[in-house]
Amino acid sequence: MNDKDGRMPDRLFPTSLVGSYPQPDWLIDRARLSKMVPRVRMDDLWLIDSKGLEAKQDEATLLAIRDQEKAGLDVITDGEQRRESYSNRFATALEGVDTKNPGTTLNRSGKPIPVPRVTGKIRRRYPVELRDLQFLRANTKRIVKMTVPGPFTMSKQAQNEFYKSDEAMALDYAAAVNEEVKDLFAAGADVVQIDEPWMQQHPERAREYGLKALDRALDGVAGTIAVHLCFGYAAVVHDKPTGYSFLSELEGSRAKQISIEAAQPGLDLKVLEKLPSKIIILGVIDLSDMNVETPETVAARIRGALPYVGTERIVIAPDCGMKYLPREVAFGKMQAMVRGADIVRAEQRG
Amino acid sequence: MTVKLFPTSLVGSYAQPEWLIDRAKLAARFPPRVRAKELWRVAPEYLEQAQNDATLLAIRDQERAGLDIITDGEMRRESYSNRFATALEGVDIENPGTALDRSGHPNPVPRVVGKVRRRYPVEVGDLKFLRTNTDRMIKMTVPGPFTMSQQAQNDFYKDEEEMALDYAAAVNAEIKDLFSAGADIVQIDEPYMQARPEKARKYGLKALNAALNGVTGPTAVHICFGYAAIIHMRPEGYSFLPELADSPVKQVSIETAQSGLDCAVLEKLPGKTIILGTLDLSDMTIETPETVAARIRRALPYVPADRIIVAPDCGLKYLPRDIAYGKVCAMVEGAKIVRAELGQ
Chain G
0 MNDKDGRMPD RLFPTSLVGS YPQPDWLIDR ARLSKMVPRV RMDDLWLIDS
50 KGLEAKQDEA TLLAIRDQEK AGLDVITDGE QRRESYSNRF ATALEGVDTK
100 NPGTTLNRSG KPIPVPRVTG KIRRRYPVEL RDLQFLRANT KRIVKMTVPG
150 PFTMSKQAQN EFYKSDEAMA LDYAAAVNEE VKDLFAAGAD VVQIDEPWMQ
200 QHPERAREYG LKALDRALDG VAGTIAVHLC FGYAAVVHDK PTGYSFLSEL
250 EGSRAKQISI EAAQPGLDLK VLEKLPSKII ILGVIDLSDM NVETPETVAA
300 RIRGALPYVG TERIVIAPDC GMKYLPREVA FGKMQAMVRG ADIVRAEQRG
Chain B
0 MTVKLFPTSL VGSYAQPEWL IDRAKLAARF PPRVRAKELW RVAPEYLEQA
50 QNDATLLAIR DQERAGLDII TDGEMRRESY SNRFATALEG VDIENPGTAL
100 DRSGHPNPVP RVVGKVRRRY PVEVGDLKFL RTNTDRMIKM TVPGPFTMSQ
150 QAQNDFYKDE EEMALDYAAA VNAEIKDLFS AGADIVQIDE PYMQARPEKA
200 RKYGLKALNA ALNGVTGPTA VHICFGYAAI IHMRPEGYSF LPELADSPVK
250 QVSIETAQSG LDCAVLEKLP GKTIILGTLD LSDMTIETPE TVAARIRRAL
300 PYVPADRIIV APDCGLKYLP RDIAYGKVCA MVEGAKIVRA ELGQ
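Going line by line, the protein sequences match chains G and B.
Take the first sequence: its position 160, counted from the start at 1, is 159 in numbering that gives the first Met the number 0, and no numbers get skipped.
Take the second sequence: its position 27, counted from the start at 1, is 26 in numbering that gives the first Met the number 0, and no numbers get skipped.
Hints listed in this document are in silico derivations from the structure and should not be mistaken for laboratory results.
A hint or two may mislead.
Distance windows between CB atoms, simulated [what the hints assert, rightly or not]: (1) 305/B with 137/G: 34 to 42 Å; (2) 109/G with 179/B: 55 to 63 Å; (3) 342/B with 137/G: 48 to 56 Å; (4) 53/G with 42/B: 15 to 23 Å; (5) 26/B with 290/G: 43 to 51 Å; (6) 53/G with 299/B: 38 to 46 Å; (7) 94/B with 187/G: 55 to 63 Å; (8) 340/B with 187/G: 36 to 44 Å.
One-sided and incomplete, this derived list gives chain B residues near chain G with beta-carbon spacing under 10 Å [to be verified]: (9) 45; (10) 52; (11) 55; (12) 56.
Predicted, not measured: the structure shown is a model, and the values here were computed from it.
Even glycine gets a Cβ: it sits at the ideal position worked out from N, Cα and C.
Taking the hints into account, I'd like the entire structure generated from these sequences.
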């Protein structure tokens, strides 16, 4: 174990989720959830009064951990069982945002959606995910990863009525994320992942100030940081480009790992040559396809990256969060992923 | 059997999660003999998923505590007996009858209006789920024919004995299916043998033997004084126990902790493995491992060490889950103490 960097798996092609795992039907109204990605709070999605909710989320988290361990993943997340979306648990906990009287923004499909209205200076009031991380840490011996929404993405999922520029707002989101990331590492996170899907959606803005905000979020952070970029949930975004509009720019960032989707878009993996110093969290599971991949399909997708990325720089993962998949499909896909990694690992050993 | 001395096990049930079932309502009534669907907190279309998940959590707690023999915690049951008893042919649960509970209070029960027959394997799916989700030795519980006959209103058979023997045939088919599907131990819960010792002697043993007819796997019988949460008085001795010496069951599950049972009675069960109750379920204080160890030692003059399985007095269904977990951990630690004393 390396104190500075947290623990890392010591074998080739370690496996990991991106972040989320399907939530049980007894926890949340999955039918309603499947039609949206909430940016403000949606308390009424949970199938229980708030009194017993945390205990219920705890147990869903134990089950998500169990499924990951049983499937054989090396890096474990909490499956984001406590979240309505990857970003809104953190984004709506901040000072300076009005979630009761939300504003509106266009989502990545171009539809207007309610978002937090920023009416004052953004500040982190308290550690938002700290207990979640502590719970995860207490309940698995494996390497743990925690996800936090990125400052750029949060700034795009908000209506700015306070700051003179979106950049100024993004930098305050970054300061909040920075405090959170430090607290998570201090509490035992091995990897913290910043989810910045909207960098892909708004590449010009991302170049303009997104990278700056990301670096601000990582200021003074010593632990292993990942950044996840994608084209949106397969369940929600159906047409995907075959290449990223924003990716090579991350080579200059402080993040050590870059999480990308490659399976569903059939990504030309040559682009990974442009990230020579980064560990690639390689998406090898197509989340638009409810058929479970064969291990051989997964292995082929891994092999596709080998000409461009050193074997020691690859973590095997799904394309994106598994939140919207049926649980048995998600579990099958995790197993296939682990077996696919086993195949290529064996090949590499010769 | 496990090689180590004093393997640990639940009797059957474990505490169900608050989000799965209304525990306050469950505790405020007699154990359901007919169905009590209103107790479940999850919509019918998601109930099975929720019960599966609760079972995984019960398995996890047992494994984490260090138990050697794992049950499914009876997460899918409103009571230990009604899931099986209400699935049978010949019983009317829509228009229930009445029977006196062991406390003497009337409780709605299935009304037997035709020949009792098992329609389909009732717990085999539960057993397979358990088998799939733990590598340890597993035990499945089924309600006993005598107890079911006491928790029913006989409107069909000429006498209760005849009814009990048909219950026994249903249990027999179930036990054989459970062993075929991978059960390591099947336990028959017969608490009413203690509550109604005269009738138990008259035809209960006969029904039990019929339920075990042709069964080759290891079986257990559990006999107790009733749930601590519901039955508060405890006699110091069993009214029905030595009678089991001649039955083909290999293991007898008894409570000794709350009742302070004089373990000399166990001499009367030579050859049986004793599933020794060492947790007092009326006491919400978690036992120290030393207390558990002392309770194990009390049995040693009367039962060879290699014929003792360490368990709670009864099902943990009615305990708060954190207390249930703490007690099970104490039990495992207590067994370790005595194991070490005997050089293991």
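Q. Which earlier hints can't be squared with this structure?
A. Violated: hint 3 alone.
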